[in-house]
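Colleague: Protein chains in written order, with the working numbering: chain A, -14 to 403; chain B, 76 to 300.
Keep in mind the hints are simulated off the structure, nothing from the lab.
If you're wondering where the values come from, they're calculated on a predicted model, not measured in any experiment.
For glycine and all other residues, C-beta sits at the position ideal for the given N, C-alpha and C.
Take these hints with a grain of salt, some might be off.
In the DSSO-like style, the derived pairs of lysine-lysine whose C-alpha atoms are separated by at most 27 Å in a straight line are [to be verified]:
| id | chain 1 | residue 1 | chain 2 | residue 2 |
| --- | --- | --- | --- | --- |
| 1 | A | Lys386 | A | Lys342 |
| 2 | B | Lys124 | A | Lys273 |
| 3 | A | Lys191 | B | Lys119 |
Residues on chain B that point at chain A, a partial pick, calculated with CB under 8 Å [said to hold, decoys possible]:
| id | residue |
| --- | --- |
| 4 | Gly112 |
| 5 | Gly135 |
| 6 | Leu139 |
| 7 | Thr168 |
| 8 | Phe172 |
| 9 | Lys181 |
| 10 | Ile223 |
| 11 | Leu228 |
| 12 | Tyr282 |
| 13 | Phe284 |
| 14 | Ser285 |
| 15 | His289 |
| 16 | Gln292 |
| 17 | Ala297 |
If you want the footprint, here are the derived chain A segments under chain B, 3+ residues with CB under 8 Å [what the hints assert, rightly or not]:
| id | segment |
| --- | --- |
| 18 | 13 to 23 |
| 19 | 30 to 37 |
| 20 | 294 to 301 |
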Amino acid sequence: MNTQSAMNAYVKEIGGWVAAQLEACTRCGLCAAACHFYQVTENPEYAPVWKVEPLRKAYEQRFTVAGKLKLALGLETPVTDEDLKHWSTIVFEACTICNKCAMVCPMGIQLGPLIHDVRAGMAAAGLVPADLHAATAKQVEVGSPLGVTASTWAERMDWIAEEWEVDIPKDQKGVDTLVVFTSIELMKFPDNIAAVAKIMKRAGEKWTISSKGREVVNFGYFEADEALTKMFMARVFDAAKELGVKRIVISECGHAYDAFRWTAANIMDVPIGVEVTHIIRVIYDFWKAGRISLKKGSYDDGTITFHDSCKIQRRGGHIKEPREILKWLAPNAFKEMSPAREQSICCGGGGGVISIKEADPLRFAVFGLKVDQMKAIGAKSVCMVCSNCRLQFTEGVAYHKADVQVRGLTDMVSKVLE
Amino acid sequence: MDWTTILRFFRGPFFVVSLLIFIGGMTYRLVRVLLLGWSRDRVKSRGSKAMGVLKSYAKGVLVLPFIPWVKRTFGNNALTYLAGGLFHLSLLTVVVFGTPHMLVWKSLLGFGWPTLPFPVIDWLSAVGIIALVLLLINRLTHPVLKLITRAPLWLNWILVFLPFVTGYAMTHHLCLRYEVFFSLHMIAVDLLLIWIPFGRISHFLFYFFSRTIHGAQAGKRAVNP
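Construct the entire structure; sequences and hints are all you get.
Modeller: As structure tokens, then:
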């Protein structure tokens, strides 16, 4: 029963794009050592190639002569309910869809998106880990995976405005920019929301937040449930249409950025003429256009480094912007981790992993790689532009008792406006 | 039946049949994938897809260990990298620039090209054989490779290994008569050709899909592939 739903989902996902890449795999195993989960645990089942196994089986057994032959000869077994249950923990708890594996694959196979497709089968079969699914259900019912209701959201925004003495325009029609925040920022990093408000005001940008499109996080996209992915994005797109904004600014959530910027147009109708961009790009443009000016060298004491988020840097493309800003703010103290940029090691909390309690030991173990990277360059502080990474860093640094301060780049920028 | 007759059969009609199965099978595989449907990418690009694809192929070729992005992967998988790379170098050079092989191409295509001296080809074949043995040992012992390797992959290895050793033995006149090894070499090559459309050696074709996809994905996001 489960298997049938999953298989149907896989058959739906499999077009030429998926098939050509599954066919290209030589099973060389190079992807294993690129995976932070494999590196830390050396569990062969965490090799990215193995994570794609259910999709490969579905493809071969349904679409290829060789696959049908192997099945008939008993060289391979069909996917069973037990298999799916087993792979569900692998693809949800030991993968952040960070796509680092694609960077080392000699064939260039996009393993991240393929593992996302494997998750789609799990979602169809109802085999999403309970914690993740509970958060998704909350986002369906209440509008936020953390269970932030409309009234709590409004109260909290008012509190931030008051506490940090900033203006946070709500549901303003006819402005240019709609900024959509995450519940993580709202509940755990309110400084980030205040920072954005401060920067917007200084730049003279006409902007608003929306009570209708108030959550940027997309738990449907974590689950790879396309219907839910669309439902959550539609809330924001509808709000943008109603308010008549020219652009939607995605705040600090990597998966959300991936969904809105790189996926939405291919799976649903998106409002025409509305640009989707990330907050770091907006800040960078303000700075370059002279709409804000930043005090040079204001963070030049103690080595500071930048963490590249998988969905905002490697798969988002905003690699240059934070670096130029950091080289201005900390010309001597800014130091790169190795590897960085496109080759960066993921924090270990993305892709919904951080919301699954059972995955805690794994994600903390994986974070050890980041600690090593930071220690190697003697970093006193680290900053980033993803609140999900920031949460993982905050918890990870505490867990590993590493003496590194974790900061949001947006918050840093807001504190040194001239 | 003597070895000359056997040889004539396996380098003659059976070779042609094998070649046709190879070409037909691969064409089927290609068409099958193409017909599965390709949806248009409606997402607005930040960078150039074409530039990404160009860089993707450049990166695919520049695999020398001292290149920054290769270093780490190389460090983690030195054996797979070296043996895998040398095997491909050996295979392609011997099959394209070995004089007897060029003559086969000439008979099929109608034109030939300059070839490399025998000692070069000879040493490269030896390198290929050693690389294959190392890769086999790696596949037998590495926990990930053990997990993902099933019967067809072992068959791949055997069917690639046999043409190498029989070819090598034949040029060195080892133990048996020339015609014997030549026949065995042709049988091995024929079997390999027949097998390719059924297994993962077909990656030489789908490589161009995945590398292009990788480049386009990076290019549209304005990052390096």
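Colleague: For a quick check of understanding: which of the numbered hints are violated here, in increasing order?
Modeller: Violated hints (numbers, rising): 6, 7, 8, 9; every other hint is consistent with the structure.
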